[in-house]
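Use these hints to put chain B onto chain A, whose structure you have.
There are 2 protein chains.
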Amino acid sequence: MSETKPLRIALAGLGTVGGGVIRLIDANGDLIARRAGRRIEIVAVSARDRAKDRGGDIARFGWVDDTTKLAEADADVIVELIGGSDGPALALARATLASGKGFVTANKAMIAHHGLELATAAEASRAPLKFEAAVAGGIPVIKGLREGAAANDIARVYGILNGTCNFILSKMEAEGRDFAEVLAEAQALGFAESDPSFDIDGIDAGHKLSILASVAFGTRPAFGAVAASGIRHILAADIAEAAALGYRVRLIGLAEAGPQGLFQRVHAHLVPVDHPLAHVTGATNAVVAEGNFVGRLLFQGAGAGDGPTASAVVADLIDIARGEYGAPYAMPAAELADTLPADSGDRIGRAYVRFTVADKVGVLAEIAAAMRDAGVSIESLIQRGRVGDGSVLVAIVTHEGPERAVAQALERLRGSASLTDTPLWMHILG
Amino acid sequence: MSETKPLRIALAGLGTVGGGVIRLIDANGDLIARRAGRRIEIVAVSARDRAKDRGGDIARFGWVDDTTKLAEADADVIVELIGGSDGPALALARATLASGKGFVTANKAMIAHHGLELATAAEASRAPLKFEAAVAGGIPVIKGLREGAAANDIARVYGILNGTCNFILSKMEAEGRDFAEVLAEAQALGFAESDPSFDIDGIDAGHKLSILASVAFGTRPAFGAVAASGIRHILAADIAEAAALGYRVRLIGLAEAGPQGLFQRVHAHLVPVDHPLAHVTGATNAVVAEGNFVGRLLFQGAGAGDGPTASAVVADLIDIARGEYGAPYAMPAAELADTLPADSGDRIGRAYVRFTVADKVGVLAEIAAAMRDAGVSIESLIQRGRVGDGSVLVAIVTHEGPERAVAQALERLRGSASLTDTPLWMHILG
Numbered sequence: 033m034s035e036t037k038p039l040r041i042a043l044a045g046l047g048t049v050g051g052g053v054i055r056l057i058d059a060n061g062d063l064i065a066r067r068a069g070r071r072i073e074i075v076a077v078s079a080r081d082r083a084k085d086r087g088g089d090i091a092r093f094g095w096v097d098d099t100t101k102l103a104e105a106d107a108d109v110i111v112e113l114i115g116g117s118d119g120p121a122l123a124l125a126r127a128t129l130a131s132g133k134g135f136v137t138a139n140k141a142m143i144a145h146h147g148l149e150l151a152t153a154a155e156a157s158r159a160p161l162k163f164e165a166a167v168a169g170g171i172p173v174i175k176g177l178r179e180g181a182a183a184n185d186i187a188r189v190y191g192i193l194n195g196t197c198n199f200i201l202s203k204m205e206a207e208g209r210d211f212a213e214v215l216a217e218a219q220a221l222g223f224a225e226s227d228p229s230f231d232i233d234g235i236d237a238g239h240k241l242s243i244l245a246s247v248a249f250g251t252r253p254a255f256g257a258v259a260a261s262g263i264r265h266i267l268a269a270d271i272a273e274a275a276a277l278g279y280r281v282r283l284i285g286l287a288e289a290g291p292q293g294l295f296q297r298v299h300a301h302l303v304p305v306d307h308p309l310a311h312v313t314g315a316t317n318a319v320v321a322e323g324n325f326v327g328r329l330l331f332q333g334a335g336a337g338d339g340p341t342a343s344a345v346v347a348d349l350i351d352i353a354r355g356e357y358g359a360p361y362a363m364p365a366a367e368l369a370d371t372l373p374a375d376s377g378d379r380i381g382r383a384y385v386r387f388t389v390a391d392k393v394g395v396l397a398e399i400a401a402a403m404r405d406a407g408v409s410i411e412s413l414i415q416r417g418r419v420g421d422g423s424v425l426v427a428i429v430t431h432e433g434p435e436r437a438v439a440q441a442l443e444r445l446r447g448s449a450s451l452t453d454t455p456l457w458m459h460i461l462g
Numbered sequence: 033m034s035e036t037k038p039l040r041i042a043l044a045g046l047g048t049v050g051g052g053v054i055r056l057i058d059a060n061g062d063l064i065a066r067r068a069g070r071r072i073e074i075v076a077v078s079a080r081d082r083a084k085d086r087g088g089d090i091a092r093f094g095w096v097d098d099t100t101k102l103a104e105a106d107a108d109v110i111v112e113l114i115g116g117s118d119g120p121a122l123a124l125a126r127a128t129l130a131s132g133k134g135f136v137t138a139n140k141a142m143i144a145h146h147g148l149e150l151a152t153a154a155e156a157s158r159a160p161l162k163f164e165a166a167v168a169g170g171i172p173v174i175k176g177l178r179e180g181a182a183a184n185d186i187a188r189v190y191g192i193l194n195g196t197c198n199f200i201l202s203k204m205e206a207e208g209r210d211f212a213e214v215l216a217e218a219q220a221l222g223f224a225e226s227d228p229s230f231d232i233d234g235i236d237a238g239h240k241l242s243i244l245a246s247v248a249f250g251t252r253p254a255f256g257a258v259a260a261s262g263i264r265h266i267l268a269a270d271i272a273e274a275a276a277l278g279y280r281v282r283l284i285g286l287a288e289a290g291p292q293g294l295f296q297r298v299h300a301h302l303v304p305v306d307h308p309l310a311h312v313t314g315a316t317n318a319v320v321a322e323g324n325f326v327g328r329l330l331f332q333g334a335g336a337g338d339g340p341t342a343s344a345v346v347a348d349l350i351d352i353a354r355g356e357y358g359a360p361y362a363m364p365a366a367e368l369a370d371t372l373p374a375d376s377g378d379r380i381g382r383a384y385v386r387f388t389v390a391d392k393v394g395v396l397a398e399i400a401a402a403m404r405d406a407g408v409s410i411e412s413l414i415q416r417g418r419v420g421d422g423s424v425l426v427a428i429v430t431h432e433g434p435e436r437a438v439a440q441a442l443e444r445l446r447g448s449a450s451l452t453d454t455p456l457w458m459h460i461l462g
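Note that the protein sequences, when read in sequence, are chains A and B. Be aware that the first sequence starts at 33, since it is given in our numbering, and climbs by one per residue. Be aware that the second sequence starts at 33, since it is given in our numbering, and climbs by one per residue.
A couple of the hints might just be wrong.
Note: identical chains are not told apart, hence a pair may lie in one copy or across any two.
Subject to a maximum C-alpha distance of 25 Å in a straight line, what follows is the list of computed SDA-like cross-link-like pairs (lysine to any residue) [claimed, not checked]:
#1 392 - 355
#2 203 - 328
#3 392 - 221
#4 37 - 155
#5 37 - 366
#6 203 - 429
#7 37 - 367
Calculated directly from the structure, the hints in this document are not laboratory data. Quick caveat, the model's predicted, so the values are computed rather than measured.
This is chain A alone, in the form it adopts within the complex (with noise of 0.2 Å):
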């Protein structure tokens, strides 16, 4: 082996991916080196209570009490896994990024915030800046946008990005059980959080997928322009009349590069069962990226957990020791598209559409009414569950047309005193 000087990190954070990282250095250390062309070594540390019994022998690193001191640390790549898209993450981000250090992160929500101010002092101190571990935990997804499909316009990225849903919907699938008690069960077993509204309400799908479509479209992050919806009004009857119909229920991140600008979702969808995306059970992810020669290609993993994510935030500090690392959303920051959002009313789609409804006379002419007003014709309506409050359930598929229409019917039946419950709109993945 070539007797290069080992690529020194310093780490901020120690919590379960910290963890993840040093038990990873420890037991794959000299494969590493042989993969690599050189160590890597862990220098330093920080987090914020030293005194803390982390199960693993941190004595032998230097400690910083001061996680933005970090970036000072005799280090060449700063690894940030501290988590939240400001303070503490973003001052040593910056810090280390203005002193030309290496930066590497798995903070989703930091990139979907500040990514696009990070990769421009990245690239003005020519540090390396990565941030593989950010989207779906151990699959190298950024890596096979940036590089392996780099040769192909992509049309569409779209995805299971959030494992906490998909473990959720799968079990409700499953047991055919309601959401409230499956998440119930999940949060028991430490499988949702105590707070679960940043998963289950798509925000940090969102955040993921912001940061895969500027990687695969070469357009500005922007967050802000994601419609995200989540999980919480989904029934076991909705998944069991999407079965029926040869469904199945995924919450899918979606994004699209088109003439009328940057579409960015994430909403439950109705996946045909012979989509791919349809097999991903569990707390798995999976993206697929459209492009215009290769076709449809899928990256399938695990997108969660101390050992996948610390498998992607070493894959990257591997890149910065071989010296295989550029820009890091595929082009120089300062080239990338400054894109409008594109109107979702435009797009075209087939739909799935549940009313929750009084048990009464006229009640299903006066939604296929407002179906027909706004336009929305319909392939099959189905009267079937009923559920605890005396009410029933109508689902509705719609044929092809645009989403304005269906969200014209919805406005004409807000307020109907026939519904008892907010309708649940999802879309069906074409």
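This is chain B only, laid out in the frame that chain A set:
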């Protein structure tokens, strides 16, 4: 955009893939320049017959009659799309790398046979050598292993590596038809070669597997140690029996690195329906890598065709244009371990064995006794199908045990008058 000089390419071979590369660079050239920071320009081409009408304008490129001489073209990278493990392709590769120019190829046979020599030459002259398109067409799986999963000790890598076989098997499955019939149809449609043995006997998948194994395990390429059989002897009845047991039949290339050595095989397997590879249909390819931190990663996409293959070739060129490349096998060729092949007899697993037997008294007892005497524990035995000549099919699924025992049982039955055809042994993917 920076005024960096273009990356100049000379292209050997103007068949389907060569034409795809030209079309891709024509279509996506501006986008590629934004991503790579410089243009990729074809400056010279070579093919067997200059006069042949290729439907595109190749007069704009320099022409070189003698393909080997293309190495002397005024170019930075030679792209080889001729094919063949030796002959002009190998001569061109050697001449190119000796001259210090970069070399990009889609030639799996050549890399499987001569990859170590070529990597050594490339490293000696510090020239880039890349072959993403040699494995699984458009899927960036070499990159996924070499870089994306580089932090992991990879336990095994396996997948669907031959689109022709998967097309035939999915068609047999969907339509309940036998191999010979579907093959003839695939040949008529151009999905299979007129001499299909390279594909259907597992040689092509074996080439790809041996390349994947080297990249994943850091072992020397050892195509000669790949045990390969194909799909010729699979009956529609085998696929139906597998389905009844909860499996789909797929041709799987699998490599595993363990203390007993390097294990590489290409055989038809029974894949559980809840495994992602069970849902890969048609000509699609898919590769799974299992790492000690990342867990199971899946890469899926088009395994062949001009567009996908061109996508991978040009992705390699973009890496080179960006200066983001290094040792082709993830570590320097001199460090690749010279690992002995592992003995398949030691492998523990479950097996499906189908016997074609005469419809007479005592046959089941004879088979059961051979299994017992070899120490094979039977999980299920089904006698169901009947083939044209009046023979009966007996399908056995074994409990977990060493493959040696199954081999011994089959050895005991060899030459038995009860068997009217050679038994078919398929491994069950665990």
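Outcome of the hint check:
1. 392 - 355: So residue 392 and residue 355 fail the 25 Å test inside a copy (69 Å) and across (70 Å) alike.
2. 203 - 328: between (28 Å within a copy, 21 Å between copies)
3. 392 - 221: Intra 42 Å, inter 57 Å, cutoff 25 Å: neither.
4. 37 - 155: both (24 Å within a copy, 20 Å between copies)
5. 37 - 366: Between copies only: 20 Å across chains, 33 Å inside a chain, cut-off 25 Å.
6. 203 - 429: within (24 Å within a copy, 31 Å between copies)
7. 37 - 367: between (34 Å within a copy, 18 Å between copies)
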